[in-house]
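So you can see what is in the structure, the chains are spelled out below.
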Amino acid sequence: MYDPTVARLTYRSLLGRRRALILGALPLLLIAISVVVRGLAGADDQTASDLLGGLALATMVPIIGVIAGTGAIGPEIDDGSVVYLLSKPLKRPTIIFTKLIVAIAVTMVFSAVPTLIAGLILNGNGQQIAVAYTVASLVASIAYAALFLLLGTVSRHAVVFGLVYALVWEALFGSLVPGARTLSVQQWSLAVAHKVAGGDLVTSDVGLTTATVLLVAVTVLATWYAGQKLRSLTLAGEE
Amino acid sequence: MAAEQPLATPAGDQTRIHNIGYRTYDGPRLGRSYATRSLYSQSLRGAYGLGRSVKSKVLPMLLFVVMCVPAAIMVAVAVATKAKDLPVDYTRYAIIMQAVISLYVASQAPQSVSRDLRFKTVPLYFSRPIESADYVRAKFAALASALFILTAAPLLVLYVGALLAKLDFGDQTEGFAQGLVSVALLSLLFAGIGLVIAAVTPRRGFGIAAVIAVLTISYGAVSTLQAIADAQGSGSAVPWIGLFSPITLIDGVQSAFLGATSAYPGGIGPSYAEGVVYVLVVLGLIAAAYGLLLRRYRKVGL
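Line by line, the protein sequences are chains H and C.
Positions 1 to 239 (my numbering) are the ones given, in order, by the first sequence.
Positions 1 to 302 (my numbering) are the ones given, in order, by the second sequence.
Worth flagging that the hints you see were computed from the coordinates, not collected in a lab.
It is possible that some hints are incorrect.
Claimed, not checked - As a list, the in silico BS3-like pairs of lysine-lysine whose alpha-carbon atoms are at most 30 angstroms apart:
1. C/K82 / C/K166
2. H/K88 / H/K229
3. C/K84 / C/K166
4. C/K55 / H/K229
5. C/K84 / H/K229
6. C/K120 / C/K166
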């Protein structure tokens, strides 16, 4: 199910040149901000929780997920070079699975690691906050990568739709319509974080069981459907 | 017929093997400004998907509708409840809808310039009488106009609605004018930032992600820092932090000079002196974006 050559090529296209620049800039910014905040405010659990929840989990993880998830397959479909990959004797689901693993790994490295570092800087893992948010971003990375990889195979405008989901649905609708929060990767991962941290600082609107079931279901279904889409892929001409 | 003419060549002119009758164009030449205007109107139409495929009309039109519907709802509420004032200030509207505006810039800036780079059509533009400065000017103006349409349309809806609801004419006109100035600044600033980022990459998807990352992350970071600075009692730092993201810049300018209430934590915008710095930074950023674009397109081969 895992093909090292496809993985190597995907890593190279994901981390090549400018893409790596923006992927690296976001975590650096997060760490820089947490240093500033620690200097301004000192170690404070509430501040740490707000910053990690508001900036890291709500903004940074989805954006990195969009870049890595759609970037793993989108550009290849876009410029048509995916035919060379598809013409190799590899199962299409294998290709998707490999690309998914790579996208998850990249998202995790660029979002969970900086979250942990930022958490440690902010309050030295007081009340398990740093670890809780790291676990949340690890879990969210998997779901986001699978979801956005699927989008990459479905639509040529995957990045836009991914961002609309991440910013408009999760941030805007989530804050206005309580029901929308049930259907949000961010809340599911917060449920897991809540379990890890225990206290009242990290809360979620979704129960742990529901969250876990939904996370697994979304990841598996998205990956399966992306494999199906790739099996029947038609290369569209330029609009 | 023209093809018969070679027979009539003057006897002295023997250098030519034969003349198949091509004629030179001696009609009017429309020139550089006409070509620039055409590029402008074509880019402006393209920013709303006009003259492009149905698929590419969906997103800009959808965002336009999403932008206007809340304004219509507010007007309806104001009329129904016979309110004395609109529920939202003209200047505040763009700040509330900033996610939609950011998405619009992110989706349309790359489609305006990235595809020309990717399909290497830029040299074709420069084979016309336009120069690289004209190209930059036309694209910049087109995206800024498109953004202005996007942000000013809901204000117009609010204004017309307010007049229909028989709210005070003087107040509403003043507010509307202030709102228009602020969205004009916002359009120029966002168009500049979007185009500079988009012009760097030939990949459309990557351009979108980069633009949105710059706009939202900077806003997220700045508003978080402002909230913390406010909570720590160092309220004087709040306006200075606001200088570092486009939307808080516009917010600062309009709360200093255009009578808006600030969306900053604590609700305290910059003072007049700080407001001058804000205006200078906004104008500087717009000029810098324009300068960077000129520099980027100086090499025609790219």
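Practice problem: Assess, step by step, whether the Cα of C/K55 is no farther than 30 angstroms from the Cα of H/K229, and give holds or violated. | Solution: 19 angstroms, holds
Quiz item: Is C/K84 close enough to H/K229, meaning Cα to Cα at most 30 angstroms?
Solution: 55 angstroms, violated
Quiz item: Can the restraint linking C/K120 and C/K166 be considered satisfied, given a maximum Cα separation of 30 angstroms?
Solution: 55 angstroms, violated
Quiz item: Does the structure keep H/K88 and H/K229 at a Cα separation of 30 angstroms or less?
Solution: It holds: about 17 angstroms lies between the C-alpha atoms, which stays within 30 angstroms.
Practice problem: Could you grab the alpha-carbon distance between C/K84 and C/K166 and see if it respects the 30 angstroms cut-off? | Solution: 9 angstroms, holds
Self-check item: Hint consistency between C/K82 and C/K166 [alpha-carbon to alpha-carbon, up to 30 angstroms]
Solution: 9 angstroms, holds
The earlier numbered hints that this structure contradicts are 5, 6.
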